[in-house]
Structures are given as C-alpha cells and as structure tokens.
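Residue-level listing of the chains:
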Amino acid sequence: MSSSNRSEIVELDVRTDEMLVNMGPQHPSTHGVLRLVLRTDGEIVSEATPHIGYLHRCAEKIGENLTPRQFVPYTDRMDCLAAMNMNLGWSLTVEKLLDYDLPEKVRHTRVIIAELNRIASHLVGMGTYGLDLGTFSPFLYAFREREKVLDLLEWVCGARLTYSYITPGGVTADLPSDWIGKCKAFLDQFEPQIPDYHTLLTTNAIFIKRTTGIGVLSAEMAIDYGCSGPVLRGSGVDHDLRRDGEPRYTSLYEGYDFEVIVQKDDSYLRDQDYPAVPDEAVLGDCWHRFYVRMLEVIQAIKLIRQGMDFYEKADGDWGKPIKLNAKLPPGEAYLETECPRGQMGFYIVSDGGESIPRRVRARSSCFSNLSVVEPLCRNCLIADIPAMVGSLDIVMGEIDR
Amino acid sequence: MVIDQAFVQKLEERFGEKIIGANLENVDHWIEVAPGGLVEVCRYLKEEPSIAWNYLNAISVVDYLETDPKKAAKVTWKPHLEVVYHLSSIQHKTTGVLKVLLPRWKDNVEGQPPELPSVSGVWTTADWHEREVYDLSGVDFRGHPNLRRILCPEDWVGFPLRKDYQMPLEYHGIRGR
Numbered sequence: 001m002s003s004s005n006r007s008e009i010v011e012l013d014v015r016t017d018e019m020l021v022n023m024g025p026q027h028p029s030t031h032g033v034l035r036l037v038l039r040t041d042g043e044i045v046s047e048a049t050p051h052i053g054y055l056h057r058c059a060e061k062i063g064e065n066l067t068p069r070q071f072v073p074y075t076d077r078m079d080c081l082a083a084m085n086m087n088l089g090w091s092l093t094v095e096k097l098l099d100y101d102l103p104e105k106v107r108h109t110r111v112i113i114a115e116l117n118r119i120a121s122h123l124v125g126m127g128t129y130g131l132d133l134g135t136f137s138p139f140l141y142a143f144r145e146r147e148k149v150l151d152l153l154e155w156v157c158g159a160r161l162t163y164s165y166i167t168p169g170g171v172t173a174d175l176p177s178d179w180i181g182k183c184k185a186f187l188d189q190f191e192p193q194i195p196d197y198h199t200l201l202t203t204n205a206i207f208i209k210r211t212t213g214i215g216v217l218s219a220e221m222a223i224d225y226g227c228s229g230p231v232l233r234g235s236g237v238d239h240d241l242r243r244d245g246e247p248r249y250t251s252l253y254e255g256y257d258f259e260v261i262v263q264k265d266d267s268y269l270r271d272q273d274y275p276a277v278p279d280e281a282v283l284g285d286c287w288h289r290f291y292v293r294m295l296e297v298i299q300a301i302k303l304i305r306q307g308m309d310f311y312e313k314a315d316g317d318w319g320k321p322i323k324l325n326a327k328l329p330p331g332e333a334y335l336e337t338e339c340p341r342g343q344m345g346f347y348i349v350s351d352g353g354e355s356i357p358r359r360v361r362a363r364s365s366c367f368s369n370l371s372v373v374e375p376l377c378r379n380c381l382i383a384d385i386p387a388m389v390g391s392l393d394i395v396m397g398e399i400d401r
Numbered sequence: 001m002v003i004d005q006a007f008v009q010k011l012e013e014r015f016g017e018k019i020i021g022a023n024l025e026n027v028d029h030w031i032e033v034a035p036g037g038l039v040e041v042c043r044y045l046k047e048e049p050s051i052a053w054n055y056l057n058a059i060s061v062v063d064y065l066e067t068d069p070k071k072a073a074k075v076t077w078k079p080h081l082e083v084v085y086h087l088s089s090i091q092h093k094t095t096g097v098l099k100v101l102l103p104r105w106k107d108n109v110e111g112q113p114p115e116l117p118s119v120s121g122v123w124t125t126a127d128w129h130e131r132e133v134y135d136l137s138g139v140d141f142r143g144h145p146n147l148r149r150i151l152c153p154e155d156w157v158g159f160p161l162r163k164d165y166q167m168p169l170e171y172h173g174i175r176g177r
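Going down the list, the sequences are from chains A and B. Count the first sequence with my numbering and you get residues 1 to 401, in order. Count the second sequence with my numbering and you get residues 1 to 177, in order.
A few of these clues could be false.
Below are the DSBU-like pairs computed for lysine-lysine, each with C-alpha atoms no more than 30 Å apart in a straight line [claimed, not checked]:
#1 K264/A x K46/B
#2 K10/B x K61/A
#3 K93/B x K264/A
#4 K18/B x K327/A
#5 K264/A x K61/A
#6 K93/B x K302/A
#7 K71/B x K327/A
#8 K106/B x K61/A
#9 K18/B x K46/B
#10 K61/A x K163/B
#11 K323/A x K46/B
#12 K61/A x K78/B
#13 K163/B x K323/A
#14 K10/B x K70/B
#15 K70/B x K61/A
#16 K327/A x K163/B
#17 K182/A x K61/A
#18 K323/A x K10/B
The following label-pair restraints were derived from C-beta to C-beta distances [to be verified]:
#19 K10/B x P247/A: 22 to 28 Å
#20 W77/B x L381/A: 50 to 56 Å
#21 E48/B x G181/A: 39 to 45 Å
#22 D107/B x D17/A: 43 to 49 Å
#23 N26/B x E312/A: 16 to 22 Å
Hints in this document: simulated from the structure, not taken from any laboratory. Virtual Cβ for every residue (Gly too), placed ideally from N, Cα, C.
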C-alpha cells in the first residue's frame, strides 16, 4: 500500500471524531457528585472540565444567620468524613476572635479526637482509592477498622459522623472514664495491621502500575494551584500547619513529637520500617499522594498515644463551651487548620455587640485541590482519570459547602 | 505577624497612593490596597524574596450593608464591599491579609457587579476563587480567563451572599419559598 492512500483508508475505516463524554455526577469513582466533562479522542482525553456545585447549600449564608455555636453542626456537614477536624477549625477561629484560652485538658482531648478522626478519614481515602482502581478487599479492611474508630467517637459524643463535639470554648463533654483504655486497646490492635494494607495496596504490583508516573504534580504547580495537605506534601513541599501554622493552632501540638510526612533528599523518614518507594514512582504522582496518607496514619497513632499520656496527667476540666448567644467583639479572624484533606480555613467577621457574625467564610481545601484536575487530566487515558481524581481524596460536601 | 509599621511603610514608599492604609489593631493585621494597584502590589508581594507570599489561601467578600433600617441608622460606615485576600508564604511560613474596598454596584446601578482586576495571572488558584466570588458575591474580575458561575447553576440570577439578596420564588418549576 502506498503511503498516499493510507491516510484515506484510515479516515474511511474508523472515524475518530472528538467526543464529549459526561463522567458523573453519579459516577462511583467521583466520590460524590462531581461531574467531569471529558473531551475524548478514542481513549485519549484532551480536556477534562470539572463541574461542581451539586451539593451547594450555601453554608456561608447560613452562618450569617446563626451564632458561632449554632453553626458548629453545619461544619460537620461540610467534610462528613473528618467532622471533628472541621469542628476544631471553626472552634479555633471563633476562639481567636474572642481571644479565648483553654485549659490543658481540652487541648489534649482535641488532639486525640482530631487525630483519631484523621485515621478514620485516611482509611476511607485508602479504601475508596482501591475501589476506584478496581480492587474491593482493601475497602473492606479499611472499613472494618474505621468502624472501630467510629465506635470510639460515638462513645465520646453520641454521633457516628456528624459529631459537633468540639465547640468554641472547649468540648461538649469529657472523655468517658474507661475511654482511654479502649482507645489504647484499639491502637494496639490496629497498628500491627498497617503492614497488611501496604501489602494489599502500597506495594501491590498492579496498584503500582496503575498509580505511578501518572498525574504528576510538580511542587511549583501544587503551590500555584493552592493545593494543600497530602496533595501538597506528595509533591515534596514540606508544609504542614500542625508545625507551620498560626500559634493558636500549633500551640495545640506543643510538646508533641511527630514528623511531617514529605520526601526530603529523595527519601521519606525512616523512624519505622516502611515499604520502599518503587523505582517507577515519580515525586508528585498518584502513588506518592497515597503513600503520604498511609504514613500519616502512623504519625496520627503516635500523636494519639502521646496525647493520651498528656491527657491523663493534665489538670483542669473539659472546658466551658461559650454561651449559645455570646456577644462577639468587633473584628475579624481567619484561621487555617490541617484537616486530613488539606488546609481548611474559616473566616469570621463581626460588627461587634451582636452574637451573629456579619460574615462566615469557609475556605475549602478540596476546592483548590480539585482545581488541578484540569491541568492533570490533559492528554491522559480515560482509565487514568479515576486514578488521578481518587488520589486527590476529595469530599464533595466540602467543595460545594 | 509580618504586617507591622515598618512593613506598611516599605510598601507605601514603593507604591505611594496605591496603598490606602492599614489596620494593625485587629487580631489579623491587614493592608488596604486601591483597586487600580492590586495586581501590581500582589505581584510584588509574591515575587519579592523576603516576603514571598506565593500561596493564595482564599478570596472572600464581606458585604457591608444593613438591611434593618433601625440598625442602619446606627452604623458608622457607608454600604460597600470588602474583598479580602488571605495570603501566605510556604518558605517563610508567614501569612498576610490584603483588602480592597469596592462600591456595592458599578455606577450605582443595582444588579451591575463592581469591577476589580483579576489576580489569576499572579496565583493560578485565583481562577476558581474569583469564579466563586463572582458567583456568590458579585464582583466582576476584569481580565479573568473564564469568569462564569461555579457553585450555582449557570442560569442563576443574583448573588446569594449579598445582604439584600432575595431568594427566587421558583427555579425551573421548583418552588423556592
């Protein structure tokens, strides 16, 4: 066949027009109601446009009509997988505006609870990421352990997902009397199982093939796009608000010994025996984001163990939640905390003299993290899109607020 | 806190009237910038190595309007919008706040969003944040590559986070109130 005919035959044989494919909003691998419009040519995606807002409830507007304590349950419903961390962020912001100081015991209670919720959240992140890539068993392992965390949290506050436990001024109740013992027992049972998860996913040959070298996010790009949390650290940026944040937040973690999980000088920290980074992995790819999350679980366990020791020695009580209609001083405060998914910021503006703020703003971490989908999913395969979107570990409730 | 007297003075010397003022009493200090100088100031704050605010945390808008006539008689300010930029530096682990004051409507025509230059050329993340601000609070960012609604449906009318916003009575056959 002469080369002059070839193009003509191809043209007649298979027509490869561009096609717009709608992925979502009810697609299982979009973690909620995310809609991606893909411009495809065969298997190649030339452009992916995210459409969000299907869960928009205008929580910020609701906040303008409620007092800060009444708004706490609405923060639960933003990131339903890490509600304690959301409560904590909001409470600290209100306390910053009120210039409110807390007893020692509350500080440690908050660290224990927030880190416990971080474990639960990362377990979901791990399990559902496996689902996105077509393996079911890690999901079951993850949810079995998460169930135990939820039981512990339920014992503390009565709710399994929407806790409203951490409130401005403290927490709503002290930890139950034998809770610490049960929590220790859980950690002792949970920690030895983590190598199993590494066998199931982190070092699994298929998993490595599916996740390494795709969705590579450079450090500059991660910063430019406002990424945070494991997405930012997976790109090698050494930034964790628990260490680098504002004093009001970092003072919570004062005296705690923990590491920020990030690749430094071509290696992760080696305080324990972690699986090695495979040769195919490139810094900033999907595998690294996943790996950072897995290692953060171990750091969270470390933090909880320390927190429980501190808690048992601490004096004071469990804080006194501020009055439901406490008057707010004039001024404004903005505070970001390190949630499992990234930096969650709350902003409160008050005119003074009233208990209802003028403005409540929630800066969503996933909102910025999701915005990298557009550049990441340029010229990739359709099958890689769930792997990339899943590696960002998004929660739509938080993006849409 | 990075924003102190010396910091403000340095900026004032460099940008003159584009820096309108600063508040150093609030728990978070802020600098007020003129709308016309916003992009220039932002670029400087990002690129100057000693400041290096290369991370845009959030863009928020506060609507200063009192809809209750009783309270409106007591307030000391005129109705306006405040666009607030929360910035931070990954290298220096510092944070800062910029503010721009805008009229509530362009040329006092109700429904016409006021204009402000876009900073999406400085920080790419401003693209989505400005779309959100446009969608909910109604600020028209000039020079934005793709300014359309992001959280509300594209045919939504009005800006929900304005204080005088009225919930629509119905939307495509769905009853609102």
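Outcome of the hint check:
no. : hint                       : in the structure
1   : K264/A x K46/B             : holds, 25 Å
2   : K10/B x K61/A              : violated, 38 Å
3   : K93/B x K264/A             : holds, 18 Å
4   : K18/B x K327/A             : violated, 36 Å
5   : K264/A x K61/A             : violated, 42 Å
6   : K93/B x K302/A             : holds, 25 Å
7   : K71/B x K327/A             : holds, 16 Å
8   : K106/B x K61/A             : holds, 23 Å
9   : K18/B x K46/B              : holds, 17 Å
10  : K61/A x K163/B             : holds, 9 Å
11  : K323/A x K46/B             : violated, 41 Å
12  : K61/A x K78/B              : holds, 22 Å
13  : K163/B x K323/A            : holds, 26 Å
14  : K10/B x K70/B              : violated, 42 Å
15  : K70/B x K61/A              : holds, 22 Å
16  : K327/A x K163/B            : holds, 21 Å
17  : K182/A x K61/A             : violated, 40 Å
18  : K323/A x K10/B             : violated, 43 Å
19  : K10/B x P247/A: 22 to 28 Å : holds, 24 Å
20  : W77/B x L381/A: 50 to 56 Å : holds, 55 Å
21  : E48/B x G181/A: 39 to 45 Å : violated, 54 Å
22  : D107/B x D17/A: 43 to 49 Å : holds, 47 Å
23  : N26/B x E312/A: 16 to 22 Å : violated, 39 Å
Going down the numbered hints, you'll see the structure goes against 2, 4, 5, 11, 14, 17, 18, 21 and 23, while the others check out.
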